[in-house]
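Asks: Here are the chains, one letter per residue:
Number of protein chains: 4
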Amino acid sequence: MCGVFGICGRLDAPGAGRSLSAAWLAYLGLFALQHRGQESAGIAVSAWNPPARAVGENEGERIRNRFARFRDVTVGGGILLRKEMGLVAEVFDRETLDQLPGSAAIGHVRYSTTGSSRRENAQPLLGITSYGPVAVAHNGNFVNASSLRRRLLSQGATFQTTTDTELVLALVSQSAAERLPEAVAQALQAVRGAYALVVLGEEASGQPVLIGCRDPHGLRPLVLGSRDDAYVLASETTALAAVGAAPVTELEPGQAAIITPAGVRIEDWFPPRRRAFCVFEYIYLARPDAELEGQSVHGVRQAIGRQLALEAPVAADVVIPAPDSGTSAALGYAQGSGIPFDLGLVKNRYVGRTFIQPDQADRELGVRIKLNPVSAVLAGKRVVVVDDSIVRGTTSRKTVALLREAGAREVHLVIASPPYRYPCFYGVDTTDEEKLIARKHSVEEIKELVGADSLHFLSLSGLIKAVRGVAAEEEKPEDAGLCTACFSGCYPTELTDEVRPAKDELERG
Amino acid sequence: MCGVFGICGRLDAPGAGRSLSAAWLAYLGLFALQHRGQESAGIAVSAWNPPARAVGENEGERIRNRFARFRDVTVGGGILLRKEMGLVAEVFDRETLDQLPGSAAIGHVRYSTTGSSRRENAQPLLGITSYGPVAVAHNGNFVNASSLRRRLLSQGATFQTTTDTELVLALVSQSAAERLPEAVAQALQAVRGAYALVVLGEEASGQPVLIGCRDPHGLRPLVLGSRDDAYVLASETTALAAVGAAPVTELEPGQAAIITPAGVRIEDWFPPRRRAFCVFEYIYLARPDAELEGQSVHGVRQAIGRQLALEAPVAADVVIPAPDSGTSAALGYAQGSGIPFDLGLVKNRYVGRTFIQPDQADRELGVRIKLNPVSAVLAGKRVVVVDDSIVRGTTSRKTVALLREAGAREVHLVIASPPYRYPCFYGVDTTDEEKLIARKHSVEEIKELVGADSLHFLSLSGLIKAVRGVAAEEEKPEDAGLCTACFSGCYPTELTDEVRPAKDELERG
Amino acid sequence: MCGVFGICGRLDAPGAGRSLSAAWLAYLGLFALQHRGQESAGIAVSAWNPPARAVGENEGERIRNRFARFRDVTVGGGILLRKEMGLVAEVFDRETLDQLPGSAAIGHVRYSTTGSSRRENAQPLLGITSYGPVAVAHNGNFVNASSLRRRLLSQGATFQTTTDTELVLALVSQSAAERLPEAVAQALQAVRGAYALVVLGEEASGQPVLIGCRDPHGLRPLVLGSRDDAYVLASETTALAAVGAAPVTELEPGQAAIITPAGVRIEDWFPPRRRAFCVFEYIYLARPDAELEGQSVHGVRQAIGRQLALEAPVAADVVIPAPDSGTSAALGYAQGSGIPFDLGLVKNRYVGRTFIQPDQADRELGVRIKLNPVSAVLAGKRVVVVDDSIVRGTTSRKTVALLREAGAREVHLVIASPPYRYPCFYGVDTTDEEKLIARKHSVEEIKELVGADSLHFLSLSGLIKAVRGVAAEEEKPEDAGLCTACFSGCYPTELTDEVRPAKDELERG
Amino acid sequence: MCGVFGICGRLDAPGAGRSLSAAWLAYLGLFALQHRGQESAGIAVSAWNPPARAVGENEGERIRNRFARFRDVTVGGGILLRKEMGLVAEVFDRETLDQLPGSAAIGHVRYSTTGSSRRENAQPLLGITSYGPVAVAHNGNFVNASSLRRRLLSQGATFQTTTDTELVLALVSQSAAERLPEAVAQALQAVRGAYALVVLGEEASGQPVLIGCRDPHGLRPLVLGSRDDAYVLASETTALAAVGAAPVTELEPGQAAIITPAGVRIEDWFPPRRRAFCVFEYIYLARPDAELEGQSVHGVRQAIGRQLALEAPVAADVVIPAPDSGTSAALGYAQGSGIPFDLGLVKNRYVGRTFIQPDQADRELGVRIKLNPVSAVLAGKRVVVVDDSIVRGTTSRKTVALLREAGAREVHLVIASPPYRYPCFYGVDTTDEEKLIARKHSVEEIKELVGADSLHFLSLSGLIKAVRGVAAEEEKPEDAGLCTACFSGCYPTELTDEVRPAKDELERG
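Protein chains in written order, with numbering that gives the first Met the number 0: chain V, 0 to 508; chain H, 0 to 508; chain L, 0 to 508; chain S, 0 to 508.
So that you can see chain V by itself, here it is in the shape it has in the complex (with noise of 0.2 angstroms):
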């Protein structure tokens, strides 16, 4: 539950009358995956065009002036770096933008899986190598981080940061490859999991290199664009549009990306293994204007709506969707069923991170800030209400009060997505298996948990329908091309490390 993002290129094209750095168009990239993570965010510039000698000043003034009136960033050798915890628009302004010059950049948006939620922790991660400085930012999960992380202390590394990310630093730095793509490619011999990394050096010349790939199942996002002289790389399509980028292709698993200001090379770094996509970025993580794998996100929620409405009829006056992620389904559910799509809820969009909520006793008014029942819609009606996911159960549970509190006779829900019992190891943050309601209680308890007067879930071959088409319908989970572990507890890498790695294995070191 991160975005990633990468761009290099000739940005300077000639007639192009295009003139944004590439920090300015990682920014407005990571606008366009900031539903990705809201945690933290960070960019990384290569500025190998350093700015020109100032009358007076010699050599070494000057290189150690070079960057001196940029303040608010990270300094590595050619390589800048801000990060801070929050929101894209709080993190960046005008004026740390124009700390961030040149034609290369990668950048993130950080929901917290593996390393503790710190400025620390943000990514980009930024390191000096043996091959120069490398920034790297990384959607996905390291399942080997623990051991991985132990064998190279051993060997003398030593961290700054209680990330798996951090291991492709000194993985790359301790390769003997002659150029930094081949050293990538090496690191990530080493590791197993679920990754979708974008890494920029500096060639011998200074001129920046962008590296992307995506680990050998497929598991994370990776899509590339191009723009004039310019490539980008991205974790959704949203991104490419961000900054008038045209999707060139999603790199397959196991593939990467070379960039370079010349152009782009694809390789494959690694042999084909069973493809296994997240069904999660369909039911909930993407946007809905997005497509993955060539399919409209929006238009595998509706379908997703439509086979409920097949499988999980119920005889009501109106339906209505949670806000904001249920929307797709509930319109299939909707066209499905024939019964009439309304809003019932409205969402404060005011409710950001920074809401402070009361203590104690006035703590039930929290929600009605954040979720405001449409009176002249539910009173008196028989009400279905449908939502992306039950995950722990609690969202629920205050969304059926609601609608029973401003009138609904009765509050059907339906869930678009099967119920999630097994923990995710590749980057969503559900590792604590504990928490997840539908590992310890069946439908019909949580039912009675929530409040509802029937609930349904998806089905798993409903679902495979849905995202893969009627044909679909009866094909195991693995033929799909999908990872559907989180429902179905079948896990497409081994999970060679403790077993059970945890979000916070690397804070005990």
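Just to be clear, a hint being listed does not mean it is correct.
You can't tell identical chains apart in this list, so a pair holds if it fits in one copy or across any two.
Said to hold, decoys possible - Taking lysine to aspartate or glutamate pairs in the EDC-like style, the calculated list, with each CA pair at most 20 angstroms apart, reads: (1) K369 x D316; (2) K369 x D323; (3) K475 x E433; (4) K346 x D323; (5) K369 x E447; (6) K397 x E409; (7) K369 x D92; (8) K434 x E447; (9) K434 x E266; (10) K346 x E404; (11) K475 x E493; (12) K369 x D452.
In short, the hints are calculated from the structure, not lab data.
Every value quoted in this text rests on a predicted model; they were computed, and no experiment measured them.
Fit chains H, L and S to the given chain V structure using the hints.
Replies: Leaving out everything else, chains H, L and S in the frame of chain V:
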């Protein structure tokens, strides 16, 4: 286009188990009013129970040190104020709320109409008057502000801001009435225009007194609610719900509510004039889950959509809302026309006040960040897009272009209000009539300017019918109790002051 | 214990090659006055040349947008103000100074005497009056502030602060005079007490006018200087030097200077009363390199030290100053006595306003950080330590203890002023007479309390002799033209208002 | 030109009644060392007693949340770090100190010598090594940093900074020693140059271990003190006094102190080499109240002044110090010559790092703000001004001009050290020899350049005599146990690395 809030009473009612201070409740209430103004926010409290004397402090020190550790608020006698530019969530945090003790508060969110957009013009305003410290917050606009200010200056008043609201403080201090409520009543005799006003003061005993009142035409809304032993005033019912208060009544035009810890008293301060409630509150200003004059705003907007389906039938494949304000009307249009409703445009929830527009050539990218078309819904389709109103026309032009770019075959623009032709002098920032596109252009010309295949506005009579019901169809606006000046040019008040009061009027002096 | 500064004129004189704005010069001037007040700092400018109209802006927008990008200043008509708690260096940076354009400014550094220590009481104060926007800054204290404020409130005035200074704005706005300078003169007829005042306004033409004046007794200093085509007002000559201005004259008691871009005009506003210049300016307040009444402050202090050597001979090995204010007098004492001068205490230059005292048990460590004994100078020696005055006695006690701990065999405390027995109502924060150690204790008792081997104060006649020369030895203080009230109890003004005006007087109302 | 501090032990000794944390004591200690570096400040602590488990927290959450509320510090295992650009008072406040719990800490104030002046280069540095988290702070300079770094990179190390100090972390992690102290000893075998180093780590038990050591030549000072059951390390004795610690011993060249809660152990890590204590510590770097090698710094500087009076007698009326560093020597010169000592220049105590120089034409005003002549002392006089040293000559030129402007008849410049001709590679920022005025110019030429009537430097033998006493007069510097390289060009270490290591060396890679 501002929101006001007030609360006063016994918040520590025995057995109530609710312990929030008045400032905390105002904070929650302002969140529910944030859509009415995002420019600045402020809360003033009456802290009439000063902190106990510290050991070794003499009386003089005690008074001087009373609020010494409250560095983030302004102190005027026993009233403490915090106001800053920005959203409620940006202006207040736990630390600042804890510097606003006490059980009586007023709050304000501002979208500037009179007075430039600066911190000093943010509200509430606070001054020490002949009645002790007084704070005031205001939704609306005085149309005789300029002449009133000149008169007061010539009488020796001094001012700190360029708002019309500050006139209330000066008029109050000049009053010869015995107590604050009567002084406010006297002061308001001198002003003409639109106002929903909340005033916070202290009685001779040190106890707080909260006063709310509406102008004689009732142009701006103000509702009264109750919560245990406290009473609440707010621009919309949504803010009552936010603090767990039950609605008591809407203040009538010309009415005032005087609230002390002992209870509430309703008074008629002005003889009845023609009722003229702002119809634009129904169309755009209020939140869909609010109730105005006893009616659901969402319901009225749906009725408007259905009326539009009658007035402006279009042959199309899909109806989509312009997010977010067109949603209710679009649902009504889809219901009325039988054309399927879908989501064709997704709004980026993270693009707010602090998003930085790229410069120049790449500005177009900014639009792509804010609004994202869902191609699967639009490609090859004849699209009806429903929006609430067209003021300047720039947004509509961009929306139409975006839809075409995403593959829409035809784009039909349906507007849930009549053409906006006349400036509003009552609190909506459209005083510069040069910028109203419908002032200078015919519907046909506007259609060309925004690039739509067809363009349809709601009729004035259709609007009245949707708001007041079928019986009202043939009514004159005046008889319907609505102000429709922005559409009809028929203003409920004389425009006594320099004929055309302007937002910058008071900046000149 | 405040400092004031003012400048007005043509700063862009051809050929002068000097291009600083008035605010920049005020910034430099306030640095030279910082020792007079470290609590808050502020600068107000008259920006009567508004920025040129931007393309496409209409007149209304132009006025409203005039200072739109100046987010860190307060705007009142054409006068812009920035004031904050803290040192000059903390309140101003390049960005804020650049938001204060124009060629007329006043500035202030504050140590609170009336009004609590809060941002809203920082100066200059700014209000819009019947003469347009007016800013005012004040060194001194009005002794009839309380009754004056009650009168103005009953006449309908409103106030924003609890300072006596704000009364000037209200009195000015009430004046019937034709132009601002006369209005200020009228206003000051109503006030009693001590003041060196600078007032900044705008004439009907929009041109700035700067007014400076001293109270009829001349209690507080105010000097006039010139710099190219501009005139400068300041509390001390040091601030003239800081901006490259040459001294012109000291304003006489009751005199005013009216400065416009066209030049300066000196007027006598009050009939002559008994001259009573604050003798504590010589002893402590002014900087040693300043000149007061034509005399070097360092020179007067050396003379005081020599006088002490006559009055209070001590058998000792070394004379050391209490840093930093005792240095000049200690040099004089060493010269007069023949005992060698040395540095026995070093002050830590980095311990300032923001140093955090450790709590409780370890508080003693705080003292060790601030003041450091040089053991090599002190060990085994009979030490004379010279300090400027003893007010509460706490510092002296700590100093003596520190010297003994460092090995001093005897510690003789010699004080460069008489016992401080009476509260000052003219701008030094000693209104709480309970805390004056010499009010309640004899010299012998104080000696015991501070732990010295001997303690010697200067005689009042010795003080007058050192300040006015040998001829003055037998003069009565009144005849010497000095206010010695804090030593003699002989106050130059009637204390008309509640007999004992207190710093917190205005907080109560 | 940096200061280091370390403390470890039992701070809560029963009966001691002293409860400050190690970070608070480090804060106080750094205040006493602030004169050694004003660029950045930092403190690292070992928080080996993690906060207790909150109710309902599982073990994983507990570890991850351990320091969750400590938003202003960096976490590496159990070591917490805060470092920022700025003065100690700017970097730390009560809130940040409270985020640094525990009873072991190291601290640093920096004036950059290797590595550019940026936050990432501020110290202490913190990394997770094969010995767990380790923090390190350093006064001095490694002369073989560049080749060492190249070697470590080729072995697979990664770096985050461009300081030589970070090499220690990499060398430690590579060590095969069993425990941290031996690993540090092994690491230092690889480095050449000057260092007083403090290292903070955690033993396997989680208990803290603090290590301090001096290079084999003893170029930089490091003293050991004790306070109840804790031990303290600091660059100067002044910092011991600041935390209430008694001096125990100065570490000998090549010695190390290993401190745990159980006590201290002194070890000899290097065979004895030629002792070469930096003579510039006596002349300028150390505070006058410090003791170095058992001698009072103030006393040595007075002896230098007396020696100058012998070597460079001048016919003059008054001796004044260049504030503040010339004061002790000026007193000595006055004593030796019989010419009266006086204060001719007053330094503005409020002009610090944040003072903004006016641009261009008015820059000269900046000088007037910082330094103020006392005309009464100077006018018409023949003035001897005593300064500690001349490095670039720019300050001297301004001082002389200022004195003449204030009326001095003659200005004689007397310098308390020999001409500064050779760059220092051991921690004083004079590596750019092009800028050393005495490198290129004779004494006569310098006199002309600074505009003095006469100019006198101390002789090298006179300096040694003043430091070591009469018997040393004919000694060679080597025999006196001093490093005088900056005056004599005689460097105690081989300059093995690229002959002339430069401050910017590591920026290039």
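Asks: For K369 vs D452, is the C-alpha pair at or below 20 angstroms within one copy, between two copies, both, or neither?
Replies: neither (24 angstroms within a copy, 38 angstroms between copies)
Asks: Up to 20 angstroms between alpha-carbons, please classify K475 paired with E493: within, between, both or neither.
Replies: within (19 angstroms within a copy, 72 angstroms between copies)
Asks: Please work out whether the CA atoms of K369 and D323 approach to 20 angstroms or closer within one copy, between two copies, in both situations, or in neither?
Replies: both (12 angstroms within a copy, 16 angstroms between copies)
Asks: Checking an output row: K434 and E266, CA cutoff 20 angstroms. Within, between, both or neither?
Replies: neither (41 angstroms within a copy, 53 angstroms between copies)
Asks: When no copy is named, should K369 and D92 be tagged within, between, both, or neither for a Cα gap of at most 20 angstroms?
Replies: between (27 angstroms within a copy, 17 angstroms between copies)
Asks: Please work out whether the CA atoms of K346 and E404 approach to 20 angstroms or closer within one copy, between two copies, in both situations, or in neither?
Replies: Within one copy, since 17 angstroms is at most 20 angstroms while 29 angstroms is not.
Asks: Can you tell me if K369 and D316 fall within 20 angstroms by alpha carbon in one copy, between copies, both or neither?
Replies: Neither, since 25 angstroms and 34 angstroms both go past 20 angstroms.
Asks: When Cα atoms must be at most 20 angstroms apart, do K434 and E447 count as within-copy, between-copy, both, or neither?
Replies: within (17 angstroms within a copy, 57 angstroms between copies)
Asks: Given a CA cutoff of 20 angstroms, do K475 and E433 count as a within-copy pair, a between-copy pair, both, or neither?
Replies: neither (27 angstroms within a copy, 65 angstroms between copies)
Asks: Within, between, both or neither: how does the pair K369, E447 come out at a Cα-Cα threshold of 20 angstroms?
Replies: neither (24 angstroms within a copy, 40 angstroms between copies)
Asks: Is it within, between, both or neither when you check K346 against D323 at 20 angstroms Cα-Cα?
Replies: both (8 angstroms within a copy, 11 angstroms between copies)
Asks: With 20 angstroms as the alpha-carbon cut-off, assign the pair K397 and E409 to within, between, both or neither.
Replies: So K397 and E409 pass the 20 angstroms test inside one copy only (15 angstroms; across, 42 angstroms).
Comparing the model with each earlier hint shows violations of hints 1, 3, 5, 9, 12; every other hint is respected.
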